[in-house]
Structures are given as C-alpha cells and as structure tokens.
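Visitor: Sequences are here, hints too, so could you generate the full structure?
There are 2 protein chains.
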Amino acid sequence: MPKEFEFINKIRQQYSLDKIGDDCAVLPKNKTHDMLITSDLIVEDIDFRRSWMIPEFLGHKALAVSISDIAAMGGKPLYSMLSIGIPEDVWTTDFVDEFYEGYFKLARPFGVELIGGDVSKTPDKIVIDSTVIGEVERNKAVMRTGAKVGDLIFVTGELGGASAGLKLLEEGISFETAKTWQKQLISKQVKPSPFLIISEKLNFSKFVNYSLLINRSATSMIDISDGLSSDIEHICKASKVGAKLFKEKIPLHKRLRGVTNNFEEQLDIALNGGEDFELLFTVNPKNIFDKNFDSFFYIGEVTANVGNIELISDTKTTILQPKGYQHF
Amino acid sequence: MPKEFEFINKIRQQYSLDKIGDDCAVLPKNKTHDMLITSDLIVEDIDFRRSWMIPEFLGHKALAVSISDIAAMGGKPLYSMLSIGIPEDVWTTDFVDEFYEGYFKLARPFGVELIGGDVSKTPDKIVIDSTVIGEVERNKAVMRTGAKVGDLIFVTGELGGASAGLKLLEEGISFETAKTWQKQLISKQVKPSPFLIISEKLNFSKFVNYSLLINRSATSMIDISDGLSSDIEHICKASKVGAKLFKEKIPLHKRLRGVTNNFEEQLDIALNGGEDFELLFTVNPKNIFDKNFDSFFYIGEVTANVGNIELISDTKTTILQPKGYQHF
Numbered sequence: 037m038p039k040e041f042e043f044i045n046k047i048r049q050q051y052s053l054d055k056i057g058d059d060c061a062v063l064p065k066n067k068t069h070d071m072l073i074t075s076d077l078i079v080e081d082i083d084f085r086r087s088w089m090i091p092e093f094l095g096h097k098a099l100a101v102s103i104s105d106i107a108a109m110g111g112k113p114l115y116s117m118l119s120i121g122i123p124e125d126v127w128t129t130d131f132v133d134e135f136y137e138g139y140f141k142l143a144r145p146f147g148v149e150l151i152g153g154d155v156s157k158t159p160d161k162i163v164i165d166s167t168v169i170g171e172v173e174r175n176k177a178v179m180r181t182g183a184k185v186g187d188l189i190f191v192t193g194e195l196g197g198a199s200a201g202l203k204l205l206e207e208g209i210s211f212e213t214a215k216t217w218q219k220q221l222i223s224k225q226v227k228p229s230p231f232l233i234i235s236e237k238l239n240f241s242k243f244v245n246y247s248l249l250i251n252r253s254a255t256s257m258i259d260i261s262d263g264l265s266s267d268i269e270h271i272c273k274a275s276k277v278g279a280k281l282f283k284e285k286i287p288l289h290k291r292l293r294g295v296t297n298n299f300e301e302q303l304d305i306a307l308n309g310g311e312d313f314e315l316l317f318t319v320n321p322k323n324i325f326d327k328n329f330d331s332f333f334y335i336g337e338v339t340a341n342v343g344n345i346e347l348i349s350d351t352k353t354t355i356l357q358p359k360g361y362q363h364f
Numbered sequence: 037m038p039k040e041f042e043f044i045n046k047i048r049q050q051y052s053l054d055k056i057g058d059d060c061a062v063l064p065k066n067k068t069h070d071m072l073i074t075s076d077l078i079v080e081d082i083d084f085r086r087s088w089m090i091p092e093f094l095g096h097k098a099l100a101v102s103i104s105d106i107a108a109m110g111g112k113p114l115y116s117m118l119s120i121g122i123p124e125d126v127w128t129t130d131f132v133d134e135f136y137e138g139y140f141k142l143a144r145p146f147g148v149e150l151i152g153g154d155v156s157k158t159p160d161k162i163v164i165d166s167t168v169i170g171e172v173e174r175n176k177a178v179m180r181t182g183a184k185v186g187d188l189i190f191v192t193g194e195l196g197g198a199s200a201g202l203k204l205l206e207e208g209i210s211f212e213t214a215k216t217w218q219k220q221l222i223s224k225q226v227k228p229s230p231f232l233i234i235s236e237k238l239n240f241s242k243f244v245n246y247s248l249l250i251n252r253s254a255t256s257m258i259d260i261s262d263g264l265s266s267d268i269e270h271i272c273k274a275s276k277v278g279a280k281l282f283k284e285k286i287p288l289h290k291r292l293r294g295v296t297n298n299f300e301e302q303l304d305i306a307l308n309g310g311e312d313f314e315l316l317f318t319v320n321p322k323n324i325f326d327k328n329f330d331s332f333f334y335i336g337e338v339t340a341n342v343g344n345i346e347l348i349s350d351t352k353t354t355i356l357q358p359k360g361y362q363h364f
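These protein sequence lines map, in sequence, to chains A and B. Numbering-wise (the numbering used here), the first sequence opens with residue 37 and increments by one. Numbering-wise (the numbering used here), the second sequence opens with residue 37 and increments by one.
Some clues are possibly wrong.
You can't tell identical chains apart in this list, so a pair holds if it fits in one copy or across any two.
[Claimed, not checked] For lysine to aspartate or glutamate, the following DMTMM-like pairs were computed, each having C-alpha atoms within a straight-line distance of at most 25 Å:
#1 Lys65 with Asp81
#2 Lys46 with Asp130
#3 Lys39 with Glu137
#4 Lys290 with Glu212
#5 Lys46 with Glu124
Hint data in this document are derived by calculation from the structure and do not stem from the laboratory.
Guide: As structure tokens, then:
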C-alpha cells in the first residue's frame, strides 16, 4: 500500500478527479461566487487523547481546522456539518453539551451556521468529521498551484508552538497544571486560531486588512497543518516549482526556548511540527507595496529548481526533506 | 443525557438552527437552484461488521445512503466528500482499493463526482463519513414539513428486506454461502439501491418518470433509514399531523416468508426494521391522476390526530409505537 499522499494522488489520477488536492474543493455556485468545501476527520488516540482535551477545546478545534482550510483558499466560511461518533459511556456525560459549547463559541464570531451532520454510537473511541462550506469570489480561490518562480514566500505567524505543546501533553503535562509558558504552547495545540477575516462587525479591522491583503495578493496558499517542510512541498509539487527557505528567517515560537535552547532543535520543531494553522503563501514581488506585509514573516522565495526545497543559511545550503505529519 | 433525536432537537432550539432536521440541509445556490447537503457516519461494529461486508459493498453503501437522502428531498446528487478512518493493518491490504471500486461503481452511473474528504488512521475500527452535495430547483426541495391532513401516504418499494438481511448476517450466514432467497435479503442490507433518477443518458426512462412524478407531486418525503414506524413519525412531527397506516397494505418483502410464516412477525420487521432506503412520501389526493402512481404502494393517509400513528386493519385499530433504529 502506498503512503497517504501517494494514495490520494493515485485515486485522483485513476478516476480523473480534478477537484481533489487542495485545501478545499472549489465548486461553481452562482455568477459572483464559487463554493468552497472541506472535511477533516479527527480520531481519538490518533489526533488527540481524551485526557488532553476538555470537550470544549475539542469542539473548538474540530471547527477551527476546517475554517483554516477555507482561509487557505482566501474564502469566507458560511456553514458547517458536524458528524460525531461517541461511545455510549461518553454520551451519558456532559461531554456532548460541552463539546457544542466550545464549537459554538468559535462558530458564532466567525459567522458559521451549523446546518447538519450525523450522530452515531462508536464501540469505544470518539471520532469527529468536520465539514465546512464557504464561498469566495468567482475564480478568485487561491490554489496551491499558482506559485511562480521569483515569488516571495510568507507565513502569517510563528511556528512550532502546536508541536511543542503536543510534546508537553505527551510528557504528561496537563493544560490545567501547566506553567504559563507551557500553557501558551499547549493552547496552540488544543485550541488553534484559524487565520481568517472574522466577522467585519467585530472590531478586528487590522486583522481584516491583513486577510484581505493576503487574499488579493497571494499567488498560492496553504494552511500549515502537516508542518512547514511538508506544506511548502505540497505547494511546490502542485505549482511545479522549487523553493528556498532562509533558515534564520523562519519564525520560531517564542516559547520554544522553554523546550530547548538549541537553535537547530527549535528550527526542527518549527519546520516539521504540524498543526500551527498559520497560512503559508506566495506573492509576486511586484505586489509587495503595502507596509502591512511587514506584519507577516518573509521566509523564502520560489525557485525553478522543481521539487527541491533548499534551506539556506549564511554559511551553507542544504536540501530540506519534508518530515511533516502523515497518517500512513 | 436525552435520546438521540431529543438531543438533536435540543441543540436545534438552543442555538436556533433552522436548517437542521430534514434529510438534507437546503442552502441558497443561485437563481434557479438550491443546494442540498447531507452527511452519514458509518462505524464498524455499530453499523456493520467487517466479516459481513466485502470492501466493495461498503464503498457502495457509504455512497448509497447519502444519495438516498438527496433523493428524499427530490434532488439530484452532484458531488461527494468521503472521509475514511482506517486501522493501519487494513491500510496495508487491498481494502481501500476495493472500497473505492465499489464506491465508483455507484458514483459513475449516478453522475456523482468525488471532490474531497479526508484520510486518517484509527486505532482499530473502520469509520466512514459520507457527505453528498446535490441540487434541486429553487424552493422545490421536498421537506418533511409539508404533509397535510388528507394527503395519501406512499412508499416506493417493499419493506423489511434489509432488516431481515441483517438478522441473517447476525446469525452467521454470509453473502457468499447464502441461499438465493437469503442473498436477496442480505443484498438489501449490504448493497442498498437508492431510489433516484439515474443519469438520464442511461436507459432508465420508466424509473426517471417515477422519480419525476414523486418530486413533482410529493408534499412531504423522507427515506426509510430508521424504519417505517419511526420515519412516518419524523414526518408527522415535522408536519404537525398524524397518520393512519393500513396494516394489510404495508408491502412486505417477498423473501420475509423465508424468515417467518407469521404475518404479524413479518409486519413487525417491515414496520420497525431500518435501512430499506425506499422513499416514504405524501401526496394530495387531487394530484393522483397519473397511472404511474400504481407502481407505488399506497399505505395510508395523513390525519389531524397530531402525533398519533394509527395502524388500521379490518377488525381493529391500534396506536403504532415507533420502534425504528436510534443510536442512543
């Protein structure tokens, strides 16, 4: 059996499925807008452990990861479908109520309406499939395929936090008893914030400007869910380009220092740790006129070196091997 | 914790979710059409056992149950999202390839395009969430809410087969070794056929006529997934009406005779066994002019006796208690 991404590629080719392979599928909607749709499956003891996550965080995260996929297409989320499978002994607790509380606390400010889904019993594990439907101006979805040689590469925030938070949880540190710096890392793991235009009614005008700027300017985009090294590879493969990343420009989560003082180890976490849910995007340098771009992290450039990702420092260049997350 | 349907009702009221509660959510699409969307979660050892289902049947069924929800709104399926969670030891077999073979064998003639989903590892059980997106003429979706007092109640086919097939599987009879009559029942369980307009290019003109007739005439509709007694209750509750069903007119699957010779036992299977995926619909008697209606089974009438479902025979009337499937 091939690896996960190879398998998806195989299915795509075998059955001529041209809408598969980006953060969302883009479907025709009407004269002004296209529809976006994405699903994320979250499985207990694979993607989370029950002891790590209060139900409220799980409800938040289930929605957040799918909203992030809509953001990665330059879109706006509108509707959500939630399929939850739960063991009988969990059903009899407050779990489901608290799960939905966390879900709606995120859904409401983002203007997302729950429109359906399914509820099923499972033998012993919790499983959630979160589908979000959004829209984007017609033919304006930002695909993974649009990166051009010479484009500049940006990320929207510091990396490695979610992965370091996961490591703390795996070491047995709980959110409740964690020190402040540990809490900041664990929060990135259990309660990620999708980078997206929040309802314009709310007072997030600076944030809205940033989102609009990205959506107008990005030639390609993806959200960092598997890890920077893997996600830049996804863009390179889809766009048939290469990339060079500047080692010293990769933004490391401030609290990684709590985990390790070694720069190379911090860098490894930032490059290969998943689930930061920051956006990774490319922009034609001609369009970098807005000083708001200073708020993003410029980390590299798109090259003609197809399929190769170079990691460049002052002293040497190495080839970066994608080591982000894959299930199989 | 309340029961499944009560819980869904509670969430719907608590968070003012007016798109939840029918076979599909109906969303605005464009000037001529509305969008339909539905999800079904299928869990190993709850909804099926691996020993019962060759992977091909499972791929078929995962899609069929969601297509049936689109049919139950009078719609046409267009796209599908498939989220599959599989244990590592299953991933290394031909399971996934055969699963998709079964899936595409149904998807192609129905004109359904796979546009996305997710693949995840699970600790030990297979889990599938099948989302289907379709469309229907604007404001023409057939809801559960439209049944009116005096409407006639129809089903599209014989009932009880899938439930009887399940019982045979539970008794250890496998599809491969089953006798012909047993195979017919087991097929209804493992490889259900959604009642729907199949691509008009194919030679199913009679079938197309039936589907169009239903979609034009039905005042309310649901697919029989939980069981006739529960599904007629879903219509009655949504439409704020009651119903009387004529005991002798309930169409019993011919092969139920193999399971039991007792009429009352056969009737119990047909009333309370789920997963037949026939359509249950109501029609204003003024519109019963087309002789094609003779191909459906007229089983009862909508009454003003709100919330009560009466089961009527020549000799007596009893109140029918919904005993169809619910997870919790």
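Visitor: A separate judgement is required for each hint: does it hold in the structure or not?
Guide: Comparing the hints with the structure gives:
For a Cα distance limit of 25 Å, the shortest separation of Lys65 from Asp81 qualifies neither inside one copy, at 38 Å, nor across copies, at 38 Å. Taking CA atoms no more than 25 Å apart as the test, Lys46 paired with Asp130 passes between copies only; the shortest distance there is 14 Å, against 42 Å inside one copy. Proximity of Lys39 and Glu137 under a CA criterion of 25 Å is satisfied inter-copy only: 19 Å between copies versus 36 Å inside one chain copy. In this homomeric assembly, Lys290 and Glu212 come within 25 Å of each other (Cα to Cα) only inside a single copy, at 21 Å, whereas the closest approach across copies is 61 Å.
For a Cα distance limit of 25 Å, the shortest separation of Lys46 from Glu124 across copies, 19 Å, qualifies, whereas the shortest one inside one copy, 37 Å, does not.
Comparing the model with each earlier hint shows a violation of hint 1 alone; every other hint is respected.
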